[in-house]
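Each protein sequence line maps, in turn, to chains A and B.
Positions in the first sequence are counted from 1; adding 32 to them yields our numbering.
Positions in the second sequence are counted from 1; adding 86 to them yields our numbering.
Honestly, the hints are just simulated from the structure, not real lab data.
Fair warning: there could be bad hints in the mix.
[Said to hold, decoys possible] Below, computed lysine-lysine pairings styled on DSSO-like, alpha-carbon distance capped at 27 Å: (1) B:K207 with A:K122; (2) B:K276 with A:K146; (3) B:K203 with A:K202; (4) B:K203 with A:K78; (5) A:K122 with B:K203; (6) B:K276 with A:K202; (7) B:K295 with A:K153; (8) B:K295 with A:K178.
[To be verified] Which residues of chain A face chain B? A few of them, derived with a C-beta cut under 8 Å, are: (9) K78; (10) I118; (11) T145; (12) P158; (13) Y167; (14) G168; (15) L208.
Glycine included, every Cβ here is placed at the ideal spot set by N, Cα and C.
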Amino acid sequence: MGCMLMSTTVIERNNAEKGNFSQMKQHSGEAAKISVTDLNLFYGEKQALYNVSLGIQEKKVTALIGPSGCGKSTFLRTLNRMNDLIDGVKITGDIVVDSENIYQSNDVIKLRTKVGMVFQKPNLFPMSIYDNVAYGPRMQGIKNKKELNKIVEESLRGAAIWDEVKDRLKTSALGLSGGQQQRVCIARAIAMKPEIILMDEPTSALDPISTLKVEELITHMKKDYTIVIVTHNMQQAARVSDKTAFFLNGEIIEYDETDHIFSMPQDQRTKDYVTGRFG
Amino acid sequence: MPSPLTEKQTLEIGKSNKRKYMLEKLSARIFLLCALLSVLSLLLIVGFVFYKGSHPFVAEGYSFIDFVFGVDWVPSEGKFGIFPMIVASVFATFGALIIGVPIGLFTAIFLAEIAPKSIAKIISPAVQLLAGIPSVLYGVFGLAIIVPFLQNNLGLAKGQSLLAIILVLAIMMLPTIVTVAETAIRAVPKTYREGSLALGASQIGTIFKVVVPAAKSGIMAAIVLGLGRAIGETMAVILVAGNSLIIPTSLTDSVRPLTTNIALEMGYAFGTHQEMLFATGIVLFSFILLLNFVLAKISSKGGN
Ligand SMILES: Nc1ncnc2c1ncn2[C@@H]1O[C@H](COP(=O)(O)OP(=O)(O)OP(=O)(O)O)[C@@H](O)[C@H]1O
Ligand SMILES: [Mg+2]
Numbered sequence: 033m034g035c036m037l038m039s040t041t042v043i044e045r046n047n048a049e050k051g052n053f054s055q056m057k058q059h060s061g062e063a064a065k066i067s068v069t070d071l072n073l074f075y076g077e078k079q080a081l082y083n084v085s086l087g088i089q090e091k092k093v094t095a096l097i098g099p100s101g102c103g104k105s106t107f108l109r110t111l112n113r114m115n116d117l118i119d120g121v122k123i124t125g126d127i128v129v130d131s132e133n134i135y136q137s138n139d140v141i142k143l144r145t146k147v148g149m150v151f152q153k154p155n156l157f158p159m160s161i162y163d164n165v166a167y168g169p170r171m172q173g174i175k176n177k178k179e180l181n182k183i184v185e186e187s188l189r190g191a192a193i194w195d196e197v198k199d200r201l202k203t204s205a206l207g208l209s210g211g212q213q214q215r216v217c218i219a220r221a222i223a224m225k226p227e228i229i230l231m232d233e234p235t236s237a238l239d240p241i242s243t244l245k246v247e248e249l250i251t252h253m254k255k256d257y258t259i260v261i262v263t264h265n266m267q268q269a270a271r272v273s274d275k276t277a278f279f280l281n282g283e284i285i286e287y288d289e290t291d292h293i294f295s296m297p298q299d300q301r302t303k304d305y306v307t308g309r310f311g
Numbered sequence: 087m088p089s090p091l092t093e094k095q096t097l098e099i100g101k102s103n104k105r106k107y108m109l110e111k112l113s114a115r116i117f118l119l120c121a122l123l124s125v126l127s128l129l130l131i132v133g134f135v136f137y138k139g140s141h142p143f144v145a146e147g148y149s150f151i152d153f154v155f156g157v158d159w160v161p162s163e164g165k166f167g168i169f170p171m172i173v174a175s176v177f178a179t180f181g182a183l184i185i186g187v188p189i190g191l192f193t194a195i196f197l198a199e200i201a202p203k204s205i206a207k208i209i210s211p212a213v214q215l216l217a218g219i220p221s222v223l224y225g226v227f228g229l230a231i232i233v234p235f236l237q238n239n240l241g242l243a244k245g246q247s248l249l250a251i252i253l254v255l256a257i258m259m260l261p262t263i264v265t266v267a268e269t270a271i272r273a274v275p276k277t278y279r280e281g282s283l284a285l286g287a288s289q290i291g292t293i294f295k296v297v298v299p300a301a302k303s304g305i306m307a308a309i310v311l312g313l314g315r316a317i318g319e320t321m322a323v324i325l326v327a328g329n330s331l332i333i334p335t336s337l338t339d340s341v342r343p344l345t346t347n348i349a350l351e352m353g354y355a356f357g358t359h360q361e362m363l364f365a366t367g368i369v370l371f372s373f374i375l376l377l378n379f380v381l382a383k384i385s386s387k388g389g390n
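Bound-form chain B, shown alone (with noise of 0.2 Å):
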């Protein structure tokens, strides 16, 4: 039998669970206190990049449509158009989509439907692995091989160019693409499959009819990681695009995205030609907004 609790006994239990108390209450203010922290970063990123950026326009007497559409970028003359970079970069953006979301939605198709185990195995592992190869080592990959290969078969003077972009941004985007959409794709209800196979369907005409469509919310999903992952890509980019400051014409010209704008100038920018690359910041941050706002949208619409 226990004895009954002394006096001085109950007193020290009431201290320890005091003690807990505060430690809980405690513990929940860090926890508070670290997702704070993430909300703050984004707050004063977004509002110092705005605070900058906006000044020109604001109070040296800029005018942002001219900076948006404006052709020429001559900081020293105090021209400051980025229309050609936003050309670039939207065109290296879509362009790595129309090869990089074919190839990945395949891959994602082939390791989730058709291919056997054991091969499924050993490629998605390695597709894992690319998504782990810093962005550098992309761009040097592109430099060394890609840059040189479209300048020997293409005939061009220089082989850094919108194509070597795409092609590097295609190949960056695949892993997010291909992990992504294969979550979704096996994530099919199986009796979606045995329905459509009971009906005499292929397996083919299963796998475009029912468990793509099935699974179009989480491949719009792995688009829109694919694409942030482009848009937002600036070491890689630096290396193979050239960086001419033109409007492309073709997709050989060598060009300069905004992004890579940013980094190449920002090093010994100063005064208002820093301010307007933070301009050129805000205008990657909207398009990039903008871009997800409107996939959101899409898919769901489809998911409807």
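Only chain A is shown next, with the shape it has when bound in the complex (with noise of 0.2 Å):
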């Protein structure tokens, strides 16, 4: 796949960025889950990662944010390495996760049972409910019916959507309303028993109560899952997020503890992104 890796870094950064970096470093205290160092993606000649660092940490939620354009999409993407399937990508740099560097390794089919996607849009597959859910787990070769009808209730009560749709498993998913496709495509996810969920802006099509049901799942889910979620909502990311990070022309520009950024961010392009006064 058009992926290609290599140790060093090809763009050298001036030093003062650097500085801010290993600053950033200090912030993240406990071991991290993810830490990302000196990433950069180009999509054929066009860069839209520049060194990007940073450590995401176990069992939290971590936030991130920016204008349209910015590369937290692309981001989060090299997380499980969806950009693979992109051709003419390129990236250098290393992703570590558990201590396994995930671009070393070609078995990204365990690396996404580890690191689950939700997507903006609901995307589940023209099929019935269950065998939305029971998808992934059958692909791993589980075939006991009796365990995949336990996977499938256990995910979906973790993704809080059991009582609506206990009724009509069999039926198509694509008639759920758009809210309760999304929770069903989070217990897809979760019905690999992943580490690590990526979200993509998981509520820009939903209405505000959906919004805020699916907002309560991630902060529920937070003790079981490592969970990084792209939004372009600040209230979003101020309620759910531990720690949040600002993307800007496919830079990290600021990442702290979420109340810090949001309360007294330090540099000041995140000042005027998240007070509004930004693009």
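Build the complex: two chains, separate frames, hints provided.
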């Protein structure tokens, strides 16, 4: 696949910014579940991420914020190697998940089993609710009916949607409302028993009430999972996340405790963005 | 400032508007006429075939059951049984489907999902070109290559056989199946693939569990169209069929399908014989309608 790995970074940044990064690392006191160092990503000639470094902590919610086109989705998708699917993507730098460098291993399937993903628009398959949730486990070779039933129920309960769908598990998943579909998407991700769940604007296609339900769910889920969420909604980031990273033009401008980012941002650009004085 | 229009000018504008409306009406009529022409052709052809083909059964006392299930076709003795031909047509068509559909489908999947762009760019036009080859050339190819090949390798007295028809028809239906199925597969939203891959599914797993099922109705359409091509094909089949009037018991038997019967004998037939060839046409036509109906039913069920 169009991916290439180099252990050294190609692009040198000026020292002032490097200083900035080491400062950030001090903030993340505990051992990181995911640690990203000097990540650069190119779509062909076009560079989309510049020397991104950050540590994502276990069983915390990390929010990625920033204006449109700044590389949030691109960054998120490097964490489960979804960018591998795009022709001409080049990546340099290191991403270590649980002390394993994910771009040095070729087992993408294992990685994606461990790092689940929920997309911006609910993307359930055109099959029944049950089959959607059982899809991942079945792909892993689980055939036992009882076991599958158990996984499906647990996952749907885990995504707080069991009561709404338990009587219609065998009906098409596409008949659900958008908000219900998104929670089934979360259930589908949970069914893989991942350790990390990536969410790319999971509520941007939902109404306020469904959004609230998903947010509650996220808050609830963080005791079991490490969650990384991209959002355009400042209040959402403030409500659900423990840490927030502010992206601008492919760089991390600031990464800190969510409270700090919103109450006393260090960088003027962060301040402008979180107070809404920015693009 | 434009000066106000004189009376004469207004009159002229009115006239030219009138002309415009006339033209408008006229062109609408012409379009309608063109559209009716195709419906008219359909009605004429079907009507004519049915009129001619039903005559022996309506006016001459022949039994339709004997016609369909009779095993002897000896026009000079007034024996008109087309059962062997029906069997030959059915076997030839389904045989071609059994070979052509998987190959066509795998090709379509390869082109749409797996092949690098550079390779797809070579194969796709090649497949489309295959559709443009006149059917008689397929027949010539079959006669020159496939028939001798079968003759030599299977030790047959005569290579013209059911198997030869099946192979030629399978090749002929490939471009239709590949092109239509490829379009259907490409139309499956990218989000399905991403969703599946993000769940740790492999690429092949994703293709067979998500992409192909999502493209099911388009793939059915591809099969129906390929089938249509196979069942009505005449020219290529004549050349490789062998045209023996027997019920085939093996793939290597020489056979005469329905289309071939009509094409071979219509040139010199007259009277009841000719009408019986039209009746053969009715059977062929009903066969195609039936198959289309069945497949449409299957695919609409699949769509839900
Ligand atoms: N497949 C691609 N090929 C080329 N360029 C791309 C591709 N995907 C994204 N980009 C570019 O990379 C940059 C970052 O895009 P990305 O989608 O990561 O932004 P984002 O922060 O998620 O934006 P949004 O908030 O609008 O979702 C943009 O300039 C975008 O145009
Ligand atoms: Mg995005």
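So, going through the hints one by one against the coordinates:
1. B:K207 with A:K122: holds (24 Å)
2. B:K276 with A:K146: Holds, at roughly 22 Å.
3. B:K203 with A:K202: violated (39 Å)
4. B:K203 with A:K78: Roughly 21 Å between the alpha carbons, so the hint for K203 of chain B and K78 of chain A holds.
5. A:K122 with B:K203: Roughly 18 Å separates the two Cα atoms, so the pair holds.
6. B:K276 with A:K202: Holds. K276 of chain B to K202 of chain A sits at ~25 Å (cutoff 27 Å).
7. B:K295 with A:K153: holds (21 Å)
8. B:K295 with A:K178: OK: K295 of chain B and K178 of chain A at ~21 Å, within 27 Å.
9. K78: violated (19 Å)
10. I118: Violated, because the Cβ-Cβ distance from I118 of chain A to chain B comes to roughly 10 Å (cut-off 8 Å).
11. T145: At about 4 Å, which falls below the 8 Å cut-off, the nearest Cβ of chain B leaves the hint on T145 of chain A intact, so it holds.
12. P158: Where the cut-off is 8 Å and the nearest Cβ of chain B is about 6 Å from P158 of chain A, the hint holds.
13. Y167: holds (6 Å)
14. G168: holds (4 Å)
15. L208: Constraint on L208 of chain A not satisfied, violated at 15 Å.
When each numbered hint is compared with the structure, violations occur for hints 3, 9, 10, 15.
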